[in-house]
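Please put together the full structure from these sequences, using the hints given.
So the sequences go chain by chain: F and G. Per the numbering used here, the first sequence starts with residue 1, numbered consecutively. Per the numbering used here, the second sequence starts with residue 1, numbered consecutively.
Fair warning: there could be bad hints in the mix.
[As the list claims (entries may be wrong)] Derived pair list, reagent style DSS-like, types lysine-lysine, alpha-carbon separation capped at 27 Å:
(1) K47/F with K163/G
(2) K47/F with K2/F
(3) K224/G with K50/F
(4) K289/F with K328/F
(5) K163/G with K50/F
(6) K197/F with K302/G
(7) K47/F with K134/G
(8) K4/G with K265/G
(9) K181/F with K35/F
(10) K288/F with K329/F
(11) K50/F with K135/G
(12) K134/G with K50/F
(13) K135/G with K9/G
(14) K302/G with K282/F
[Claimed, not checked] One side only, chain F facing chain G, incomplete, derived with CB under 8 Å:
(15) Y101
(16) P141
(17) K144
The set of hints was computed from the structure by calculation and includes no laboratory data. Cβ atoms here follow ideal geometry from the backbone N, Cα and C, with glycine treated the same way.
Residue-level listing of the chains:
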Amino acid sequence: MKTMSYGDALASAMLSALEDNENTVIFGQGADDFKGVFGTTLGLPEKFGKHRVQDTPLSEDAMTGICVGAALNGLKPIHIHIRADFLFLALNQILNMAAKYKYMFGGHYDVPIFIRAVIGRSWGQGAQHSQSPQSLLAHFPGLKVIMPATSQSILESYKYAINDYSGPVISLEHRLLYDVKFDVEESQLRKGSDALKSYFVRSGTDVTIVATSIMVLEAIRAAKYLENYGISCEIIDLHSPTDIDEELILNSLNKTGRIVVADTSWVSFGVSAEISRIICQKGFGLLKKPLVSLGMVATPCPTAKALEDLYYPNQGQFVEEILQLVDKKDIPIPTEKSMADVYKKFKGPF
Amino acid sequence: MNDKQLYKKMFKQALKIRLVEEDIIARYQTDKIQSPVHLSIGQEAVAVGICESLSDEDLLFSTYRSHAFYLAKGGDLNKMMAELYGRIDGCCKGKGGSMHLAAPEVGFVGTSAIVASSLPNAVGAAMAGQMLGKKGLVVVVFGDGATEEGVYHESLNYASLHKIPVVFVCENNEYAVHSKIADRQSYSILEHANVYGIETHQIIDGADFVNIHHTFSELCASVKNDPRPVLIEIPTCRYKEHVGPGEDFSGGYRTEEELAQWKAKDALEVNSELVAECKDEVLAEIAVSVEFAENSPFPQEKDLYDHVI
Numbered sequence: 001m002k003t004m005s006y007g008d009a010l011a012s013a014m015l016s017a018l019e020d021n022e023n024t025v026i027f028g029q030g031a032d033d034f035k036g037v038f039g040t041t042l043g044l045p046e047k048f049g050k051h052r053v054q055d056t057p058l059s060e061d062a063m064t065g066i067c068v069g070a071a072l073n074g075l076k077p078i079h080i081h082i083r084a085d086f087l088f089l090a091l092n093q094i095l096n097m098a099a100k101y102k103y104m105f106g107g108h109y110d111v112p113i114f115i116r117a118v119i120g121r122s123w124g125q126g127a128q129h130s131q132s133p134q135s136l137l138a139h140f141p142g143l144k145v146i147m148p149a150t151s152q153s154i155l156e157s158y159k160y161a162i163n164d165y166s167g168p169v170i171s172l173e174h175r176l177l178y179d180v181k182f183d184v185e186e187s188q189l190r191k192g193s194d195a196l197k198s199y200f201v202r203s204g205t206d207v208t209i210v211a212t213s214i215m216v217l218e219a220i221r222a223a224k225y226l227e228n229y230g231i232s233c234e235i236i237d238l239h240s241p242t243d244i245d246e247e248l249i250l251n252s253l254n255k256t257g258r259i260v261v262a263d264t265s266w267v268s269f270g271v272s273a274e275i276s277r278i279i280c281q282k283g284f285g286l287l288k289k290p291l292v293s294l295g296m297v298a299t300p301c302p303t304a305k306a307l308e309d310l311y312y313p314n315q316g317q318f319v320e321e322i323l324q325l326v327d328k329k330d331i332p333i334p335t336e337k338s339m340a341d342v343y344k345k346f347k348g349p350f
Numbered sequence: 001m002n003d004k005q006l007y008k009k010m011f012k013q014a015l016k017i018r019l020v021e022e023d024i025i026a027r028y029q030t031d032k033i034q035s036p037v038h039l040s041i042g043q044e045a046v047a048v049g050i051c052e053s054l055s056d057e058d059l060l061f062s063t064y065r066s067h068a069f070y071l072a073k074g075g076d077l078n079k080m081m082a083e084l085y086g087r088i089d090g091c092c093k094g095k096g097g098s099m100h101l102a103a104p105e106v107g108f109v110g111t112s113a114i115v116a117s118s119l120p121n122a123v124g125a126a127m128a129g130q131m132l133g134k135k136g137l138v139v140v141v142f143g144d145g146a147t148e149e150g151v152y153h154e155s156l157n158y159a160s161l162h163k164i165p166v167v168f169v170c171e172n173n174e175y176a177v178h179s180k181i182a183d184r185q186s187y188s189i190l191e192h193a194n195v196y197g198i199e200t201h202q203i204i205d206g207a208d209f210v211n212i213h214h215t216f217s218e219l220c221a222s223v224k225n226d227p228r229p230v231l232i233e234i235p236t237c238r239y240k241e242h243v244g245p246g247e248d249f250s251g252g253y254r255t256e257e258e259l260a261q262w263k264a265k266d267a268l269e270v271n272s273e274l275v276a277e278c279k280d281e282v283l284a285e286i287a288v289s290v291e292f293a294e295n296s297p298f299p300q301e302k303d304l305y306d307h308v309i
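Structure, rendered in structure tokens:
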């Protein structure tokens, strides 16, 4: 067992990717500069050459298409966006080309591209630097979407997705997690397609929490708090919105009868909507109480901290929702106003 | 091969493409072909001229109007016909249809119905080919309308910046659906490409397949010798409507007289003697392909779920 930050795990995954396969090439705006995508590509241009760690013009659409074409002709491109919001400029290539190339040509081609995009939530990021597009991307057949919540999940899922999986994968990394340190058990890394599966994080009997990305950490904090009051939460880290482990969720719900879905994006048409669909179709009757969805309120992200704190769910809301589900009163609600304050270790614009 | 033999070979290839599409028109009302068709009739010389200069290891990316390029690049006619019929023996197992043909065995990579989308794919494939030391040249064909898309600009910029050996072929038929080029573009396609430092070439007569072939062959050799992006514009004329088997002069956006100028230069229209000489053999080949398509099974439910990921 060792300790490794999320950012260090990303740097390790990028180093391994270039070491493991000489045809892997990293593309990204600033990928070769002195900041190296929040430190995750630092030192790689010097070690592997600038042709394998390429800075790009501000051309998300073409660069994605270039990665698709390069993948069709033998390379394994990794394309990095320092904000997931910029993926919207590349949606034609992602949705119309990468996601469909194999299918519409009857299986002639594989498009092994790996896209890293950072959910920019931290502080004052505003409407265009903070979005979390998993439900949009997961809607389209042909794509895999992952949302690593831990260093371990980065080490195992990146290795599989980059080296062994033959189709397009988009990983939504969370900026607030970059400095968080996690325990890593390198001898127990999941291998093969198992690396994309959901994680059973914590066993409990009263409430099931299905969470994505940083909301997994929020769920763990809420569970630890409530444990002191005799409330037992079971936590599932969804990890991949395109590879939802339905059995794991339904088995847990069968035990608890209560569920909170905590996601990093808006509630409508999102991860909680999808989990609700699964429960309605395959677990009808398992709910003892209505499902609870935790996500951002239905507005664009405001920049002012006073509004931002109202926009994102906080620990107090998380605990309160669980208490209502288990019909407990007289338990104090944490007064913490901003989740970002708990995780944000860095200073400055990023 | 002497000049006469070469002419005849290319003429026959162009005739095959035209007769295949005329057969598609004749058959279209039966609804056996169940996908929209964007016919290349009138534009065959471009495809034949370009592809005569390429080998199977050269990669060609093109558009939804690609029956001509598929066949000229050496794609199998039986598989194409079965694809149009939505059958399992189609070149894409019925999943692509007319707009999404592919024949990787002869370097016909893929086609896109989203204008300009293949441009960056070709640039990326060319970059990969250069990095991996592959011999094949990468060529991408697009229409004049594609130059209006943002990704065209992005692709030219990247290709020039990194000296990517890729040949951009602009097949200029002057219309995007029903809109004339003068109503859409504030720039000259060649001057615009020059701004990126991209060397440009222009063919004057887009109906002269032999000249297109000679010019294009020299250009390909030059790019192989000195890796860089180049762009060639070839004027051409779409005889039929944008999509579908008919003509659309009643739409009022262009006249039959406009076409007459092209038809006067079109070997397939002018050289009726050679058409007569070659026709039966080509028609026999087409009849075989139609029989192949009609006898091929429809894809099954399991095929629906194949190749998603």
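To see whether the hints hold, each was checked on the structure:
1. K47/F with K163/G: This hinted pair holds, its Cα atoms lying about 23 Å apart.
2. K47/F with K2/F: holds (25 Å)
3. K224/G with K50/F: Given that 27 Å is the threshold and the Cα spacing comes to 23 Å, the pair holds.
4. K289/F with K328/F: With a Cα-Cα distance of about 13 Å, the restraint between K289/F and K328/F holds, given a limit of 27 Å.
5. K163/G with K50/F: Roughly 15 Å between the alpha carbons, so the hint for K163/G and K50/F holds.
6. K197/F with K302/G: holds (25 Å)
7. K47/F with K134/G: At roughly 24 Å apart (the allowed maximum being 27 Å), K134/G and K47/F satisfy the hint.
8. K4/G with K265/G: holds (18 Å)
9. K181/F with K35/F: holds (20 Å)
10. K288/F with K329/F: holds (18 Å)
11. K50/F with K135/G: holds (23 Å)
12. K134/G with K50/F: Since the Cα atoms of K134/G and K50/F sit roughly 20 Å apart, the hinted pair holds (cutoff 27 Å).
13. K135/G with K9/G: It holds: about 26 Å lies between the C-alpha atoms, which stays within 27 Å.
14. K302/G with K282/F: holds (23 Å)
15. Y101: Status holds, d = 7 Å.
16. P141: holds (5 Å)
17. K144: Status holds, d = 7 Å.
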